[in-house]
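As given, the protein sequences belong to chains A and B, one line each in that order. Going by this note's numbering, the first residue of the first sequence is number 20, and it counts up by one from there. Going by this note's numbering, the first residue of the second sequence is number 1099, and it counts up by one from there.
A portion of the hints provided could be inaccurate.
To be verified - Think about it this way: if two alpha-carbon atoms lie no more than 27 Å apart in a straight line, the pair counts; the simulated DSSO-like pairs of lysine-lysine are:
no.: 1; chain 1: B; residue 1: Lys1140; chain 2: B; residue 2: Lys1204
no.: 2; chain 1: B; residue 1: Lys1259; chain 2: B; residue 2: Lys1199
no.: 3; chain 1: A; residue 1: Lys55; chain 2: B; residue 2: Lys1195
no.: 4; chain 1: A; residue 1: Lys267; chain 2: A; residue 2: Lys206
no.: 5; chain 1: B; residue 1: Lys1146; chain 2: A; residue 2: Lys55
no.: 6; chain 1: B; residue 1: Lys1199; chain 2: A; residue 2: Lys62
no.: 7; chain 1: B; residue 1: Lys1259; chain 2: A; residue 2: Lys55
no.: 8; chain 1: A; residue 1: Lys127; chain 2: A; residue 2: Lys92
no.: 9; chain 1: A; residue 1: Lys106; chain 2: B; residue 2: Lys1256
no.: 10; chain 1: A; residue 1: Lys225; chain 2: A; residue 2: Lys267
no.: 11; chain 1: B; residue 1: Lys1204; chain 2: A; residue 2: Lys85
no.: 12; chain 1: B; residue 1: Lys1200; chain 2: A; residue 2: Lys55
no.: 13; chain 1: A; residue 1: Lys106; chain 2: A; residue 2: Lys92
no.: 14; chain 1: B; residue 1: Lys1146; chain 2: B; residue 2: Lys1200
no.: 15; chain 1: B; residue 1: Lys1200; chain 2: B; residue 2: Lys1256
no.: 16; chain 1: B; residue 1: Lys1204; chain 2: A; residue 2: Lys62
no.: 17; chain 1: A; residue 1: Lys55; chain 2: B; residue 2: Lys1256
no.: 18; chain 1: B; residue 1: Lys1199; chain 2: A; residue 2: Lys55
no.: 19; chain 1: A; residue 1: Lys187; chain 2: A; residue 2: Lys267
no.: 20; chain 1: A; residue 1: Lys206; chain 2: A; residue 2: Lys127
Said to hold, decoys possible - Some chain A residues flagged as far from chain B (calculated, every beta-carbon gap over 10 Å):
no.: 21; residue: Leu29
no.: 22; residue: Leu39
no.: 23; residue: Ala68
no.: 24; residue: Glu81
no.: 25; residue: Arg129
no.: 26; residue: Thr182
Note that these hints are calculated values from the structure, not bench results. All C-beta atoms, glycine included, are put in the ideal place defined by N, C-alpha and C.
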Amino acid sequence: MGESETTITLQIIIIGMVMLFVLSLAVILFFIIYQKRLLAQQKRHQQVAADYQRELLGIAIESQEKERTRIGKELHDDVGALLTTTKLYLSQISPELSAEELTTTTEKMRSLFDNMIQSVRNISQDLRPVILEKLGLLEAVQNLVQTINDSSKLNVLFVDNTTSSIAKATELNVYRIIQELINNTLKHAMASNISITFSNEANTLKIVYEDDGIGMQQEYLNQKGIGLRNIESRLSVLEGTIHFNAQKSGMKATIQIPI
Amino acid sequence: MNIQVLVHQRVNINVMSEELFGTLRFISSFAVILPLLIALSKYHRLSKIQQKLVYLLITTLVVESISNVLWYQKINNLPVYHFYSIVEFILIVHIYKDELKKLFPKRFFYTIVAAFTIFSIVNMMYFQSLQTFNSNVTTLSGILVIFLALSYFYALLKEVKYSSLERNPMFWLNAGFLIYFSSNLLLFFVNNSLFQESKATKVSYLLWGLHAVVNIILIIFYTISVWVNPKQR
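All chains, please: the whole structure from these sequences, using the hints.
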């Protein structure tokens, strides 16, 4: 190997070594920067998820408090008032009363007791629908639909195309979601028809809820009222999703819940 | 790892570069004492990785001491490195084995260690005798360690939970290995064809001087790796 040839080879090797050194440094630097970016991104995601969970928890607590207030009010205004009235009638009963007066008073008291029993039944029905416990979700929804059809001008159509059953623990949440959607329609939509369809898709329960009211404003969806948040809160427990389809008029929501 | 060329003949040597090379070689041989002392001072607080690194450091110190004694007695010290290459590779794979367990099964590590050992022995017996520099083996080990180092970075990126790198001893160790083995890959590869008959020239002093510098950088990374306190899991 000649002197000049050796020098050239040497130069090539030195340049090669330096280049590989720089390259490995570059790989390490790239890795550090990339990892830092991933770390920041992960922290952001965790923050968003934590915020969302906190919000859902807040909603759950808020709606629970609202429910307690409502029950308290119902007990006070309804059952309480009936009891006070009954007490008044009771105090009127004395040995001096004529048989006719006694019969009238006891009749009134009987009717008051009937009202009270009905009120207590309604409250307990609201707290936990007995029909849901006894006959399951489909019957409970059917019953809910029937009650609405009987009591208002609204016409509700319920179609059940499901082939597989739903876990008992899921039923109450699904029932409450349907209740919330119907409540929303009754309160805000000015609709005359509601259609609820249950079906199975792969391993999910698919619920399509439609009404022909004024439709949901995008603003409402963005702001999310307590009703909608409540639905989301329940769906997050069930790991389900809700999607509001764009409609010219009316409202259409598709809910999917894994079973 | 630190390798010196055996000086049989001293031709054309610039006294300056020889002196500088001597100093660099000496520092690079014994700088490993620094991380070892740190490891000793915090022995009970060392993590698993750091303990495994200590085994490598002790082996390096023993090998460097032997090779330096041989060097001063003008005995060819290359046979030491033939065996050291195998032990070093096994210790490095031992370090990576647990860190890369999500990427490769245990069988993979045993296979590469077995294949590498067989290759080294065959190379020693038939291709590069104990008296020559085992460039085939060092090049192969370089390529394999670079592969493991890059795999480690990949595994870190794939982890679901990211942790701070500064306090991760394995990160520093991995960075040190990557820099050392990739910088010296070319040198290991061409060493024998460039410096035939173990002739030490100005050129070889320069190149192995560069190697000593990179080796010192590796030892700095070893030191940081032993120094940092990983978060207790």
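Going down the list of hints, with the structure as the test:
| no. | hint | verdict |
| --- | --- | --- |
| 1 | B:Lys1140 with B:Lys1204 | violated, 30 Å |
| 2 | B:Lys1259 with B:Lys1199 | holds, 16 Å |
| 3 | A:Lys55 with B:Lys1195 | holds, 25 Å |
| 4 | A:Lys267 with A:Lys206 | holds, 20 Å |
| 5 | B:Lys1146 with A:Lys55 | holds, 25 Å |
| 6 | B:Lys1199 with A:Lys62 | holds, 26 Å |
| 7 | B:Lys1259 with A:Lys55 | holds, 12 Å |
| 8 | A:Lys127 with A:Lys92 | holds, 24 Å |
| 9 | A:Lys106 with B:Lys1256 | violated, 73 Å |
| 10 | A:Lys225 with A:Lys267 | holds, 22 Å |
| 11 | B:Lys1204 with A:Lys85 | violated, 58 Å |
| 12 | B:Lys1200 with A:Lys55 | holds, 22 Å |
| 13 | A:Lys106 with A:Lys92 | holds, 20 Å |
| 14 | B:Lys1146 with B:Lys1200 | holds, 17 Å |
| 15 | B:Lys1200 with B:Lys1256 | holds, 10 Å |
| 16 | B:Lys1204 with A:Lys62 | violated, 33 Å |
| 17 | A:Lys55 with B:Lys1256 | holds, 13 Å |
| 18 | B:Lys1199 with A:Lys55 | holds, 23 Å |
| 19 | A:Lys187 with A:Lys267 | violated, 37 Å |
| 20 | A:Lys206 with A:Lys127 | violated, 35 Å |
| 21 | Leu29 | violated, 5 Å |
| 22 | Leu39 | violated, 5 Å |
| 23 | Ala68 | holds, 14 Å |
| 24 | Glu81 | holds, 33 Å |
| 25 | Arg129 | holds, 68 Å |
| 26 | Thr182 | holds, 37 Å |
Going down the numbered hints, you'll see the structure goes against 1, 9, 11, 16, 19, 20, 21 and 22, while the others check out.
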